[in-house]
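*Asks:* Using the sequences and the hints given, assemble the complete structure.
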Amino acid sequence: MAVEGVSWVPRLTRVLERVQHTADTVSLKLDLSLNHQPGQFVQVSVPGVGEIPLSVASFPGDRLMITFRRVGRVTAALYGLGVGDSIGVRGPFGRGFPLEGGDVLLVAGGMGLPPIRSALGSILRERDRFGTVQLLYGARRPSLLLYREEYDAWRRGDVVVSLIVDEAEDGWRGRVGVVTELFDELEVGSDATVLVCGPEIMMKFVGRGLLKMGFDPKRIYMSMERHMKCGVGLCGHCNIGPYYVCRDGPVFDFETLRNIPESGVI
Amino acid sequence: MIVGGRELLDGLVKVLMERWTVVAPREVEGNVVLAPLEDAGEIVLDRPLNSPKEYLLPQEEILFEYRDGGFKAPEPRGYAILGIRPCEFRALLMLKSVMGEDPLFLSRWNSSFFAVQACTEPCPSGFCGDLGGPEFSGIDPYRPLGAPDLQYYTLDGRVFVDALTERGKEVLGALRDLGEGATEEELERLRMRISEVWEDMKRVRVVGIEERARWDHPAYSYFAERCIQCGACNFECPSCFCFDIRDEDEGAWVRVREWDSCLLEGFSKMALGANPRKREEDRMRQRILHKFKYFKETTGFYMCTGCGRCLEACPSGIDLREVISWLWRE
Chain A
1 MAVEGVSWVP RLTRVLERVQ HTADTVSLKL DLSLNHQPGQ FVQVSVPGVG
51 EIPLSVASFP GDRLMITFRR VGRVTAALYG LGVGDSIGVR GPFGRGFPLE
101 GGDVLLVAGG MGLPPIRSAL GSILRERDRF GTVQLLYGAR RPSLLLYREE
151 YDAWRRGDVV VSLIVDEAED GWRGRVGVVT ELFDELEVGS DATVLVCGPE
201 IMMKFVGRGL LKMGFDPKRI YMSMERHMKC GVGLCGHCNI GPYYVCRDGP
251 VFDFETLRNI PESGVI
Chain B
1001 MIVGGRELLD GLVKVLMERW TVVAPREVEG NVVLAPLEDA GEIVLDRPLN
1051 SPKEYLLPQE EILFEYRDGG FKAPEPRGYA ILGIRPCEFR ALLMLKSVMG
1101 EDPLFLSRWN SSFFAVQACT EPCPSGFCGD LGGPEFSGID PYRPLGAPDL
1151 QYYTLDGRVF VDALTERGKE VLGALRDLGE GATEEELERL RMRISEVWED
1201 MKRVRVVGIE ERARWDHPAY SYFAERCIQC GACNFECPSC FCFDIRDEDE
1251 GAWVRVREWD SCLLEGFSKM ALGANPRKRE EDRMRQRILH KFKYFKETTG
1301 FYMCTGCGRC LEACPSGIDL REVISWLWRE
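As you go down the protein sequences, you meet chains A and B in turn.
By the count of our numbering, the first sequence reaches residue 266 at its end, each step adding exactly one.
By the count of our numbering, the second sequence reaches residue 1330 at its end, each step adding exactly one.
For the record, the hints were derived by calculation from the structure and aren't laboratory data.
Yeah, the Cβ is synthetic: ideal placement off N, Cα and C, and Gly gets one too.
Check the hints yourself; a few may be wrong.
Stated by the list, open to error - Non-contacting residues of chain B with respect to chain A, defined by C-beta distances greater than 12 Å in every case (computed):
#, residue
1, Val1015
2, Val1028
3, Glu1121
4, Arg1226
5, Trp1326
Said to hold, decoys possible - Within a straight-line C-alpha distance of at most 30 Å, the following computed DSSO-like cross-link-like pairs (lysine-lysine) qualify:
#, chain 1, residue 1, chain 2, residue 2
6, A, Lys29, B, Lys1072
7, B, Lys1096, A, Lys204
8, B, Lys1072, B, Lys1096
9, B, Lys1269, A, Lys218
10, B, Lys1169, A, Lys204
11, A, Lys29, B, Lys1269
*Replies:* Written as structure tokens, this is what we have:
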């Protein structure tokens, strides 16, 4: 019987390009154009090894790009893929970041930058629709900052890019500290839409700091991480409170998350 | 409704066997289990050890296979399932409300036939009194989600069969010669028995419990201390639906799903070992709140129909009725 709705069968595609960012982090560009909303995720399969959820790093309509760190069994297999290798994709899934205009503040920590990059792509394409746009990005070390070769293009697109690292390395003349310390460089107004992605502990302090500065918790959007297995609100792995991160998120507004003790951001 | 002797039940199985593999309670090596019948006479009236969940959502099943350059997805067929209790049928309705867009589940569901056995005797561990009671009536609280095709009752050696769907009426029509109409007196006795059982099954109040199941309730850590994290309660529960997905590579790429348990530590583990439910009490809380608060608030139904299978399965004697009582007390 043909059934509309959920399909477990991934689309098979190939790796077009592999970009090494750091010792354990790469991007793969795939032979598949994806019309997604920035902040949405895909389920990526290495045939015979397994499937994992990853944020979409590419701009909507472009060839799908994923960026990941080699940390587990499936990411190790993904990391080992080269140009021309087969890879499976389901999705995009979930709800992404709203991009409605006005001032936009983007806050990313470490491996949280990929979906924020995707949002930046959307903003840059329709830059006139937005007011001041600022990115605050923190990483552990300068060499771990992702997409370094793109910052100049973002700046040319009238995006304020503010960087900070936990530990300096040779040649680093920028700031050292945690991402919330960059709040003293804020150029957006407190009525800005805020898009946040990073470790829960970072998002917690970002949320707390922004509230103190008078930002509206309903306009602060955070991307939650859970181990989504099915991606379509069935398997139960990504429950937080009454929500499924895969279906109702991964992007939630901070007002909603503040009422869920398990969200880890309060 | 028609009434007859044991031959009416055997006749029902025979009619269904013409179109379905019939799954019903039968004896296997001294135990009563819900399993496929080979012969109509094998059906028994006792409650089986296993819930019907596995016949809609198998413990393990293939989602797809990739071989010879192409994907192959299974299109499973359902069963005629007899002798499941109203509580379990309600649980299956809940499974459907969650899994209704899953192609494998839906393929089974749409080709299944359900005959529920109403409870004319109370069961030892159930608490369905607040959750629909011992028969699936026309005003059943779960009726908006669906209805079984047939429902049968047994009383004083007689079998009463009633149809609740058009398909059920067709099957019942084929059994006319094996029974007769019920007399007013018989129906009255049946009604009396059902209401007695219902009274007996009102063992713990459930309605309204979502208001009491607060995040920081001490019940979670108290019961988590006894939990050995075997997952048996999840597996035996007919409405627990959580599953895991994994790949196998044995000559072909095969993706399977299998039942999972929210009480196991690995359930919510993420990359680099981060785990939002590290402690046993976090996982116990999730099980209780998912069933009695979150699911209720999002669907209007408790993800529990009071069948009592979890407390029968628990090797540490964790009794869900006691958990619910704790939530009320504190």
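*Asks:* Evaluate each hint against the coordinates.
*Replies:* Here is how each hint holds up against the structure:
1. Val1015: Holds, since 24 Å exceeds 12 Å.
2. Val1028: 31 Å, holds
3. Glu1121: 34 Å, holds
4. Arg1226: 23 Å, holds
5. Trp1326: Fine: 19 Å to the nearest Cβ keeps Trp1326 (chain B) off the interface.
6. A:Lys29 - B:Lys1072: Since the Cα atoms of Lys29 (chain A) and Lys1072 (chain B) sit roughly 27 Å apart, the hinted pair holds (cutoff 30 Å).
7. B:Lys1096 - A:Lys204: The hint is violated at about 37 Å.
8. B:Lys1072 - B:Lys1096: Holds, at about 24 Å.
9. B:Lys1269 - A:Lys218: 29 Å, holds
10. B:Lys1169 - A:Lys204: Status violated; Cα separation ~59 Å.
11. A:Lys29 - B:Lys1269: OK: Lys29 (chain A) and Lys1269 (chain B) at ~27 Å, within 30 Å.
Hints 7 and 10, counting from the list given before, are not met by this structure.
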